[in-house]
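Student: Go by the hints and put chain G onto chain E.
Listed below are the residues making up each chain.
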Amino acid sequence: MTAAPAVATAPQSVAFFSRLRNPLLAVLFPGAVLVIWHFATYGQKFTLIPPPSDVGVALWDLAFGGINDDAYSRTLHIHLLASLSRVYGGFAIALAVALPLGLLIGRIALVRQVLDPTLQVLRPIPVTAWLPLAMIMFGLGPRSAFFLVCLGAFYPILINTIFGVRTVDARLFEAASMLGCTGTAQFFRVVLPASLPAIFTGLRLGLGFAWVVIVVGEMTGVQTGLGAIIMEARQLSRTEIVICGMIVIGVAGFISDRLVMLIGKRLLRWSPNFA
Amino acid sequence: MPDTANPIVELLGVSKQFELQGQRIDALRDAHLRVKKGEFVCLIGASGCGKSTLLRIVAGFEAPTRGKALMWSMPITGPGPERGMVFQDYGLFPWLTVRGNIGFGPAARGRPAAEVRDTVERFITLVGLQRFADAYPHQLSGGMKQRVAIARVLANDAEIVLMDEPFGALDAMTRERLQDELLEIWQRTGLTVLFVTHSIEEAIFLGDRIVVMSPGPGRIETEIAVELPRPRAVVAADFNDLRRDLSQRLHSHHSRKAA
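Residue numbers (the working numbering), protein chains in the order written: chain E, 1 to 275; chain G, 1001 to 1259.
Bound-form chain E, shown alone (with noise of 0.2 angstroms):
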């Protein structure tokens, strides 16, 4: 704030300063509300939300163990690797169906005819409606959450490619066949890379939703997942388990996240948008 005066007595600090700047802003408010949150609870006698010390304890039982010497303890690594497992997985069948679905449904009028109202109607159904019918079909358990997961990255996959393909530059494809490349060559040397960056935020977005949909996808009756001991600590009224899965799944999909836009700066170096 008062950066001014410094400049000129001490320019390196300056510098230190301004590269901190924005990590300092961005604890500033979570900061905050773990004082806030602290003062609210710390001390109480009958709080359901315990402190913020309490959750830190049970993170690190939970990570190391040695604290609790109970049923969570040194069990973060098994959780965090199941819905890592089923996140990428779900996400991974769901890019193998989306992406060659959306390029076909936004590229030849009769896939798009025959499947997009149907996708269009199946669309607002939200995930946590499927639960039922996905117990139904695939059973209690593992395979039931990799269908939700599935289902959550679907269609932001699905979307965004069929956007993609369809807004290509018109001009693009008269650049292509008056330089001699024609029929479907257009495709993989025209439609595939002008889509690109479409695809790619679909991809995102559909990761991103993968992980939102995990808790859902691991309340199939699955014993491993951060979703799943969420759901059992709710149950054993163990709160501040119940935090601990939530600021795992908020770190590993940031995490997550992080390194999808990092290939997706790389590879599209090109668009103006992304670079």
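Hints are not guaranteed to be accurate.
Claimed, not checked - To give an idea of the interface, some chain G residues facing chain E are shown, with a C-beta separation under 8 angstroms as derived from the structure: (1) Gly-1080; (2) Met-1085; (3) Phe-1087; (4) Ala-1108; (5) Tyr-1136; (6) Asn-1156.
Hints in this document: simulated from the structure, not taken from any laboratory.
The structure presented is a predicted model; accordingly, all values stated were derived computationally and were not measured.
Using N, Cα and C, we set each Cβ at its ideal position, and we do this for glycine too.
Tutor: Just chain G now, with coordinates in the frame of chain E:
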């Protein structure tokens, strides 16, 4: 077979009508045009005179409603690499570098990679973009983009280059430089150019022949052979005489239309 006596491109009574909101628009009516190999022909006229439609019919993007469009006496049935188009908005592939854009045609037509590479280097040098060979279109200025667009049709063995107001979006300095460069390439390679413009000066500076078109319905009004020696100076007296003459012809069409 290509024959120098035959025109490279010929339009015989070409008309084009569009349907626009239930109304029939005469974009081009009964156009006759012969372009000889090696000629630089400019099409000039106010907007709506059908000059772009004519060019797009030669490119093969539009089919004539009536009449025949021929290249080497064969009907034009669609776009093809022997008729390279340079668009005002460049139409470069944003995901390809300068190299990739220039090599797009040869690569798409299945030329061996080594040959494509050689061709690309040759035409990058021709348009002087060696330093920007690996840049993407969004990193280039308008003048550089248009150089790439020209190089990519030349690299693809275009026999005739169709240019749709290619320098219209550029600043005056860049436009003059590109006009000079285009003339130099044209003279060096024996290319044929069909060039759409709305600038009288540009048409006189570049063209062997100027085809004057007028709107409502779009049609060819007259043709003028430009016999000024090259290089042409825009300040020369005979240049100015021609400019005045052309300006009057274009203007008279407006007043006739208004009347």
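Student: For each hint, tell me whether it holds in the structure or not.
Tutor: Hint check results:
| no. | hint | verdict |
| --- | --- | --- |
| 1 | Gly-1080 | holds (7 angstroms) |
| 2 | Met-1085 | holds (5 angstroms) |
| 3 | Phe-1087 | holds (6 angstroms) |
| 4 | Ala-1108 | holds (4 angstroms) |
| 5 | Tyr-1136 | holds (4 angstroms) |
| 6 | Asn-1156 | holds (5 angstroms) |
In the structure shown, no violation is registered for any of the earlier numbered hints.
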